[in-house]
Amino acid sequence: MIKSIAILAILLLSSLAAEAQDDIRIEMHIAPDTISIEDQAFLAITVTGSGSLPDPELPNLSMFEVSSQGTSTNISIVNGKMESTYAYNYMLFPKRQGTFVIKPASVVYKRKRYETKEVTLTVLDSGVGTPRTLEKAAKTSDGETRDIFLLAELNKKKVYVNEQVTLTIKFCYAVSLLSQPDYTPPQTTDFWSDAIEPQRSYYQNINGRRYNVIEINTALFPTRSGELNIGSAMVSVNVKARSRRRRDPFSMFDDFFDHGQTKKVRTKPLKIDVLPLPAENKPADYSGTVGEFFITSSIDKLKTEVNQPVTVTYKIRGTGNIKTVAEPEIEDLVDFRVYRAASSEKVSIIDGVVGGTKIFEETYIPKRAGQLAIPAVSLNYFNPRTGQYKTVSTKPINIDVAQAALSNYANIPVPRVAGRVIDDKAKDIRYIKIESGNLSLKQPLLITTPLYLILNGVPVLLFVLVWIGQKRKEKLSSDIGYARSRLARKLARKRLTAARKLANSGQTAKFYAEIRFALFAYIADKLNVSPHGLTGDKLLEIMKNSDIEEEIIGKTASLLRQADFAQYSSSNSATEDVRQSLKSAEEILIKLEGSKIA
Amino acid sequence: MRKLVLQISAILLLLIVSSANGFNADSLFNSANGYYQNQDYDEALKIYLEIEQKNFESAPLYFNIGNCFFKKGELGYAILYYLRAQRLSPRDADIETNLEFARMFMPTRLEGIKINPVTAFLDMIVDSYTLNLIAWLASALFILLIIYLSVIMFLQWRGLIVRVSVYIMIFLVLVSSGLTSYKYRTDYLTEKGVIVADETRILSGPGEDNDIEFVGVFGLTFKIEKETDDYYLVLFENKRKGWIKKGDVEKL
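If you read the sequences in order, they're chains Z and H.
Residue numbering for the first sequence follows our numbering, beginning at 1 and increasing consecutively.
Residue numbering for the second sequence follows our numbering, beginning at 1 and increasing consecutively.
Be aware that one or more of the hints could be misleading.
In silico lysine to any residue, SDA-like type, Cα no more than 20 Å apart, as pairs [claimed, not checked]:
| no. | chain 1 | residue 1 | chain 2 | residue 2 |
| --- | --- | --- | --- | --- |
| 1 | H | LYS71 | Z | GLU331 |
| 2 | Z | LYS473 | H | LYS192 |
| 3 | H | LYS71 | Z | LYS471 |
| 4 | H | LYS72 | Z | LEU445 |
| 5 | H | LYS251 | Z | GLU38 |
| 6 | H | LYS54 | Z | LEU441 |
| 7 | H | LYS54 | Z | LEU445 |
| 8 | H | LYS72 | Z | LYS395 |
| 9 | H | LYS71 | Z | PHE360 |
| 10 | Z | LYS442 | H | LYS192 |
| 11 | Z | LYS442 | H | LYS72 |
| 12 | H | LYS192 | Z | SER558 |
| 13 | H | LYS72 | Z | LYS473 |
| 14 | Z | LYS475 | H | MET153 |
| 15 | H | LYS72 | Z | ILE330 |
| 16 | Z | LYS471 | H | MET153 |
| 17 | H | LYS71 | Z | TYR339 |
Honestly, the hints are just simulated from the structure, not real lab data.
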């Protein structure tokens, strides 16, 4: 019970602090926080805000000698908002040993008092107040002191993933610098990093020597578990060379001509043990947020009408890596359509601890009239301090939704596309397709492929062939002369074959008759006349007129004579003669085939 | 003969090699569906886009990509992908519904669209079918006509019915091939695009220093007439013209 009250109180306080930071902010730092009696500490009070800022009221510093170091101003414009920071700097010289609590500094702004935290300064006996790490780093291996060195330290040895660890790099020098130090930050590959401004500079006695110290702080958030490395940081600077102290009259110009020597100092690489987030008690919807956060909500109006949106603003505030805080998912509801309207974040670093605010707006559009509840939104985070997961949530918001007045329907945007009406009941887009639907490599368009051309070309070709065939058929059937001429050769061959058969069977007379008829019929067919009207002389005359070689005509004449002779002599010719006649008949027909018969 | 065997074996080898690459679009598609189911829209989208990048396509792929973009609130891209899906599957009611749903969120619409009755009529016919389907239809009708003519010629058919049927078929072939070329011209030869940026300025010339003609919002579609290195000259449906930055739009 007491614990929960305490937590409530902390939340309340931090919410107040966070409210306050919106207008004006005052902070007080001291560095270093432990010094020896002969050292001095550096106290800075910064007032940040917009507009004209009041001067701070200083705490009681009577236990120190105080020397003002002046003020510095810094103006920045963030998101179009101008913010100025006034830093009031003081050097504190201790008068005696002891632990001194410096009470809060404060400002009064718009009738409200804003206070810093109190800070503590411990003053030790001479030579005691220096951290041992610095003393060690200031010495070389053979015990001499270094003029200039660089030291890196982590404030924690073990952290959880995404928990802040602060890397402090101290650049210490006891000689005058001839150039601006050139700083190379360490490699922090496995971390998110945020610079903690401003750099601090102060004096510190180390091993009895007075050093200037420039301190650079960086907040690191490990992105994975395991032993992670932080690389070396490096500073390169020109320092005055250690002079050999020659006593010559021109030594006064040494300073003038001394360009010094370039010195490079670097830190040792560091290792840090990063613990994974415990699996135990991990909420199912945990999204990796680490730190300490709380969430609040506010609504722009509590009364609305159907289809008229209300906006709920959610604020997540706290310490931790605010950039990685996942905004809670808000599902579509039965009574509302929900849309993410805007989201923004602001990182702020207070006393070296990174935190900030994440704001996001959701638009709720009521679907029906009545008393409707916008449900609570919750956020899970892992608190590295307690090692526990925690869930914080907003309160549900009840709103009154009235039935929309009739005229309001006219204002609902209706798609102005002709002939298309959207189903009134459509609440959301339709769900994705489960079937991949013939996923295939992109095909070129059908009509640009050669296949398409061939597909359409082949029937055309076929058609042309049919057409030519048809034309021939037509000519054969309508023009007898053409038909006879086309068939002449075929018939002549048939007759010769028949003649050969007759010759083989020894029917010489019939053989010659057939040969004779074959010749006559061929010429007659070619000329489209009756073969019976032809005589031997007529045939020879036709052949002569048709430019046929003399030799063939001679052969024809002798063949015809032989045929006449064989036909009318009725004596069997010698088989040799028969074969010879058949051969010359074939020869004549071949020749006739090759020439035009007129 | 030997050459042919060689060619066939080369093609087979190619097929084996390409399947051995192990890119299984269907199983990737299913895993992306799983992420979508679990409302991990970023991961689902990543996988769907990977499939698309390997040159695969299908209407459901584009549709699902559109849904992912919608869930992420990138409505310009959602509309782009719904339109791409619609080109592959024009009569799908889901695509139509989601496209119109996404368009409801467009803050403005084009005013003063004049509808040309002829193109509107043609669009009405061809919008419901893919180009390939119309092209197949035209081709089939053409082949049928040729075969029919061949048969008529071969069998010496005569008569009024034959003649009328030939005229009807010629008419059908002309209409279908005309629609094919119309669809090809309007959907493929003319390049189209969609505004994917939430808002973009339509300028009077290609360059930032020109006057603003008007402001376009995501989801508006246009024809691309010309282009320079950084700008397109575009024509909106209401015949307004202007130059638009290439980075704010995507080609369909």
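Do the hints match the structure? See the list:
1. Distance restraint check for LYS71/H and GLU331/Z: the Cα-Cα separation of roughly 11 Å lies within the 20 Å cut-off, and the hinted pair is therefore satisfied.
2. Between LYS473/Z and LYS192/H the CA atoms are separated by roughly 55 Å; this puts the pair beyond 20 Å, and the hint is violated.
3. Under the criterion of a C-alpha separation no larger than 20 Å, the hint pairing LYS71/H with LYS471/Z is inconsistent with the structure, at around 69 Å.
4. For the suggested pair LYS72/H and LEU445/Z, the alpha carbons sit about 32 Å apart, so the restraint of at most 20 Å is broken.
5. With a CA separation close to 74 Å, the supplied pair LYS251/H and GLU38/Z exceeds the 20 Å bound.
6. A threshold of 20 Å between alpha carbons decides the hint, and for LYS54/H with LEU441/Z the separation of about 8 Å falls inside it, so the pair holds.
7. A hinted pair counts as satisfied when its Cα atoms are at most 20 Å apart, and LYS54/H with LEU445/Z qualifies at roughly 18 Å.
8. Between LYS72/H and LYS395/Z, the direct Cα distance comes to roughly 27 Å. Violation of the 20 Å bound is thereby established for this hinted pair.
9. For a cut-off of 20 Å, the pair hint linking LYS71/H to PHE360/Z stands: about 17 Å separates their Cα positions.
10. Of the supplied pair hints, the one linking LYS442/Z and LYS192/H holds, its CA atoms being roughly 19 Å apart against a limit of 20 Å.
11. The hinted pair formed by LYS442/Z and LYS72/H fails the criterion: a straight-line CA distance of about 27 Å is larger than 20 Å.
12. For the given pair, LYS192/H sits about 88 Å from SER558/Z by alpha-carbon distance, which is inconsistent with the 20 Å threshold.
13. Taking the CA atoms of LYS72/H and LYS473/Z, the gap is near 73 Å; set against the 20 Å cutoff, the hint is violated.
14. Restraint check for LYS475/Z and MET153/H: the C-alpha separation of about 14 Å stays at or below 20 Å, so the hint holds.
15. Annotation: proposed proximity of LYS72/H to ILE330/Z holds, straight-line Cα distance about 13 Å (limit 20 Å).
16. A C-alpha spacing of about 10 Å is found between LYS471/Z and MET153/H, which places the hinted pair at or below 20 Å, so the restraint holds.
17. Under the criterion of a C-alpha separation no larger than 20 Å, the hint pairing LYS71/H with TYR339/Z is consistent with the structure, at around 10 Å.
Of the numbered hints listed earlier, those contradicted by the structure are 2, 3, 4, 5, 8, 11, 12, 13.
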